[in-house]
Structures are given as C-alpha cells and as structure tokens.
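Can you make the complete structure from the sequences, with help from the hints?
Here the protein sequences line up with chains A and B, keeping their order. This note's numbering puts the first residue of the first sequence at 671, with every later residue one more than the last. This note's numbering puts the first residue of the second sequence at 1007, with every later residue one more than the last.
What the hints contain is simulated information worked out from the structure, not anything from laboratory work. Treat the hints with caution; some may be incorrect.
Computed from the model, here is a short list of chain B residues facing chain A with C-beta under 10 Å [what the hints assert, rightly or not]:
#1 1057
#2 1064
#3 1066
#4 1077
#5 1083
#6 1114
#7 1118
Values in this document were obtained by computation on a predicted structure and should not be read as measured data. Glycine included, C-beta positions come from ideal geometry on N, C-alpha and C.
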Amino acid sequence: MKDGRDLTQPLMRRLLRLLRVRVWIAEKLQPTEWQATLLWAALAGFLGAMGALLFKAATEGIHQLLTGSNQGVVESFRMMPWWARLLVPAAGGLMAGLVLLFGRRVAKMQSSTDYMEAIVIGSGHVPLRASIVKSTAALFSIGSGGSIGREGPMVQMAAVLASFIGRWRKFSPPQLRLLVACGAAAGIASAYYAPLAGAFFVAEIILGTIAMESLGPLVAASVSATLTIKILSDAHTLYDVPRFTLGSPWEMGPYVLLGLIMGTLAPWFLRSLRQAETLFVSTRLPLVARLGLGGLMVGALAILVPEVVGNGYSVVLEILNGRIIWMALILVLVCKWLATVASFGSGAPGGVFTPSLFMGASAGYLFGTAVHTLWPTGAADPRAFALVGMGAFLSAASRAPVMAVIMLFEMTLSYDIILPLLLCSVLAYYTAKGIEEKSLYSESLKRKAAEDGMPELPAGRVGDLMKSDPPIIGVSAHFAEIAQTFLSVRVNNLYVVDGERHFVGVVSLHDIKPYLGEPELAELVLARDIVHEDFPRLGPDRSLSEALEAFLGITAERLPVVAADGRLLGSLAKGDLLLALVEKRKKPVA
Amino acid sequence: MNPPTSLIAQPDAVALDLPTESGEAAMRALHARLVGNPAVTNADVLLKELLSRAEMSSVCIAPDVALPHARTPAVKRLVLAVGRSVGPLAFDANHPAVRLVFLIGTPKQMVTEYLQLVAGLSRMLKNETVRNDLLAAKTEADFRAVLARGTQR
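Structural data, given as structure tokens:
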C-alpha cells in the first residue's frame, strides 16, 4: 500500500501525533471556560493588589515630600506649625488640580474613568491614561491630607489593570465587565484586607447579584489580592479592637435606636456631600482653584483639629480603643464632616468609604456614651456602639447591608458583636431607604446612565453578544487541514462553511479523536464527510432566553450565529450568555 | 463486533467483475447491486452523491484500493458494497491500477459509525495477506470468507 504520497505521510503522522497530544492535554489539563475565568480573575486580583501597594507607597512618598514626616497623616499634622497645616492641603489641592488640568490634554479626555460606570453601564473599558491622570491627582489630594479616602483610587487602579488585561485578551463585553468587577473586588480586598467584603462589595453594590457566575470570579480575585498583600506587606487586621461582648440582652434596645439614628444620619451625610459639590461648581472657579480652595478649607479646619485630615482611619482606631474623650469627639466629628464636605465638594479625587466608617464610629460612640451615662446596663461599653455604628452607617450609605456586616467582621475579626451589628445594619438600611432613594454610589451612575441612554446594558439579542470571525474550514477541507486548524485554535467544534460562507455544520474534535492514528483515513476524509449538519444554530435576532434554550441538552460551549440567508456571522459563547443573563437579572441602579 | 465491523464481514453486496474503464463505471456497477436493498430509500440520490463526492476529492486510500462513499439521506443505515475489478481499474487520474472498491452509503447522522467503518476497512486492508486473499478469491463465498476473517485479525 505505498504510493507517491510517501513523502507527505511522515508529515501527516507528525501532525496527527501533535493533535493527539493536544487532545490529551485538552482533556487532562486544559481549563474549561469557567476555570479560565477564575484564573483570569485571580490574575486581576494579583495585579490589583500590586497596584494598590504601589498607590499606597506613592501616597506615602508624596505625603513625606509635602510634610517632611513619615508618620501617619494625622500624626504629621499634629507636629506641623499652623501655617503648614493650612497650606499643605491647599497646595495638594492645587497640584491635584494642575495634574487633572494637564492630564486632560494627555488623556484627551477619554470617556469616564469610573470603574463602576464601566461595569454597570459601559462595556468594561476603563481608560488607562485618564485613570493614571486621575490616580496621580489623587496622590496629591490624599498625600497632602485631604479629608478623603485613598481606597477609592486603589480600587480604580485595580479595575483599570483588570480592564487592560481584558482588552488585551479581547474579552467580550460581559467578560470584560466581570473582569473589571474582579479588579474592583481585588482593590477593596487589598485596601481593607477583607477578601469576603471585597467580593460582596462588588456583588451587592455594583453587580446587584450574588449569582455564582459572577461571585465565583470575584472571590477568586479577592482571595488572590489578599494573599498578595499578606505576602508582600505587613498586612494585619485593619482595626485591632478589644473583645466586645453583648453584656445584657437589654442592650439590644439602644442598638435598635442606633440603627434608626445611623439610617437617618447617612442620607444627610450624602446630601451634604452632593450639595457641597453643587456649591463648588456654582462658584464657577477653575478646577485648579476649586481644588485649592477645598484644600485650604481642610487646612483651616486642621489648624484647630488636625484629626480632620486623611481618611479618618487613625481617629477610628482611637475611638475603638477608647483613647478619645467624647467632648473632643463632638468637635472632631463636626469638623471632619465639614472637611470631607470640602474635599469631596471641591472635586478632590478620592473615596468616601473610609470617611463613612469614621462618621459611623464617631456617631455610634457618642450615642453609646450618652446611653451609658443615662443607663449603664443599656450600653456597657460605648466602644461597641462605635463598632456597630460603623457597620450600620456603611450599610445605610452604601445600601449594601450584607457587605457592611461582612466588612466589619473582617476588619475587626470580632464575632461577638454580630447580633447587634446585623440588626443595626438592616434597620439602618431600611431607614435610609425610606428617607432617600439615592445611595453613596447610585447617583453618578444614574446620572451617567441618563446621559448615555444605557448604551450596552442589557444586551438583549444574540447579535449583541456574539463574537465575529470564529475559526472556520471549508467543506472540502482535508483531514490534515482540519487537524491543523484544531491545533491552532482551542475549540471542540469547527464551523464548516461553503464558498459563500454559508454555514454547513460542524466538525467535532470528539468524532475524529479516536482516528488520529490512521493516516490513510486522513487522506480520505473531507470535512463534508464528517460534518454534523444538524448542529443547533442561532439567528442574530434571537432573544437571550431562546439562546439559553438552544444550549440546553448539548455540551457545546459555543453556538454558531447564522443570518437568515445562511451566512455565518459569528459565534455565541455560553459563558457570555450566562453572564449577560445574570446582568439582566440584576437590580436596576437605585 | 460493532455494527460497522460486522458490516465489513457481511457486506450488502459483492461483485467480482467490476469494469475497468473508469471509476465511475465501477461505482455504477457496484451501486446497481444495492438497488432494491430495503436500506436504500433513493438509489438515484445515492449514486448522484457518490459521484459528486468522488469528483470533489480522491476516494482512493492506496494505489489498488478505492473507498467511494457518501453521507446521504438516501440510505436508512450504513450500506456497503464490495467489488473487485477484473483487471487494473483506472479509477482516477492518479490511481490507474485499482483492484478493490468498497462503496459506502452513510445516513447523515451516522458520523461516528462512518468513521468506524472507514477506519476498520483501512486497518484490514493494511494487511497484505488479506489484500492478496481478496484478490485471489475465486468465488463470492470465498471473497466473503476473506472479509469475515479479515475483520477478526
């Protein structure tokens, strides 16, 4: 059985051997689409943590440059003369403004940098240059003592890195949005050493769902980020607090009241931030001057109360450890509120997540102290009220009670407080919702969605989700060509098309797998001999639920999308479809 | 023995007198043996598809062996007709001396069975003894016996 094709046979055998190895690897080692998603999520988590560490180091560097101190922000300001307390935040504001001003030219004012917008109402594209500009500006506003959190920019950095990987790997919009969400979860986890809260922050606030299709990757990213932080830094429990216990069941009464108070206070806090923003804009001052003015106001407050600078972390630590007296705390609370209003209102880039924790801790401690004075049994330890207040305020401000409870637990590792914390968070949530529909994060999203008309969400048709240019072969392709194509692309089904790109069917790797050791067969068999013409296909106008039905009962990870005239348009991945359906189910922006 | 292998052992038809002038003539002669077979629902369509496939690309797996085949709705199950030409058969331009022809009709949905059958034939025909015995068989019964033995090797 020898003929003139002897020369090509060794090549064919080699090709088929390679394909056999590839099939073996595919079966034994190659990750499924979901496993691959988890791996990418873990990478996003790692990069997010690295970004967060870099940002933290850069902020500390800027702080040292501006204040000449390597201590914490509040400690540095305590040591500075009055004029320096006044001028450093103002200078930081001016520099942040200048960075934003010149950065706009560099970044050519790309679309919004907000990662939440990119996830909720965008395509998952977080512009890199504009984000770097915004984060650099944040370095100055935060490093100079602005009353704003560095956690916001850390999350932004993590999200932009995730978006960058996703775009590099040409992820579909649902996958890209999920990867950016993973980056955001990694950012929160890195900032607060709280992996669970990181995942739930994004799931509850941004995605509005805890479906495993999205929660799984979020958890993978959070865990990866937290591990990276633990390995590369001296990470520890964020708030080292004494052990609190529920002294008496009677304490639940004051806790109920605390929940109602926090639920009332949080909407007012948010309103004050928004009104300050409006007020600053109405001054018609240039951006640089506006940020400088915001910094100057913080500096003026810091002359009297240096505790107003920074995100409030060190003051919260003092409250939780009982190192601050209540009379002084009233002054700090009022001034810090004003300072946060000034920083946020002037447009200083940064977050208000940690300032929210400060508000809750201060108000909770003051309330606990008042109850303790009037009725010691009702509030045995006012510091426990500070801790519960943090969770309740966060729950009311973010409208994410589950995340708030988890975050408080992770940040303090204090389980004994869980009962009042749960109750207070839920009460605060409902109270805040009754007073004000808007949450800490919903307003800008709602505004942006109204401006842009919800451009890409939800994707309602197969055509919106499909990927074009799937790997194809012709009907007359020989076995060798089929084998080569299977080797070059990681698919289990190759689409077979005719000369006019009309879809004919699929060739399955599963079918040819047992015959990879038969070179004679390879010379004989064409794609048309082994094509499955009855393979399900989708029209571009089919709804997502119809697409889901088509996937039921088959093992394929992708289905071809075929036009009415039979032309192959692209393919729809099951993973993309499930993510889009999860996104469709999520709650509307509140 | 799986169905494709048992089909090789007991093909639907055997012809030991295939014409030698062309592949098409040989295919028509073998196809004629399948006409009337209850598994063939449309003999004309089957022939058309066999010829179309052979025209598209060579169906020879060796200088002396051809496997014309077609996946078609014209058959209800796998059908196999085996033939031997009376002399060197000019099956196509590159195969001027074919002696053995295995004509296969496969229902559209039977991709796996089709591949099993073709792979089974390919393995059997690699054996030189089987090929020589097929070429030397005097009667249809002898020829069928060689096929049956060949599948057991």
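Can the hint on residue 1064(B) be confirmed by a CB-to-CB distance to chain A that is less than 10 Å? At 8 Å from the nearest chain A Cβ, residue 1064(B) passes the 10 Å test, so the hint holds.
Checking hints one by one. Is residue 1057(B) an interface residue toward chain A, by the C-beta closer than 10 Å rule? 14 Å, violated
Interface hint status, residue 1083(B) versus chain A (Cβ within 10 Å): 17 Å, violated
Using Cβ atoms only, decide whether residue 1066(B) comes closer than 10 Å to chain A, and label the hint accordingly. Residue 1066(B) check passes; min Cβ-Cβ to chain A is 8 Å, inside 10 Å.
Tell me if residue 1114(B) is really an interface residue toward chain A, meaning its C-beta lies closer than 10 Å to one of theirs. Status holds, d = 6 Å.
Measuring from the C-beta of residue 1077(B) to each C-beta in chain A, is the shortest one below 10 Å? Holds, because the Cβ-Cβ distance from residue 1077(B) to chain A comes to roughly 6 Å (cut-off 10 Å).
Chain A contact restraint for residue 1118(B) - C-beta distance below 10 Å: This interface hint holds because 6 Å falls under the 10 Å limit.
The structure does not agree with the numbered hints 1 and 5 stated previously, though it agrees with the rest.
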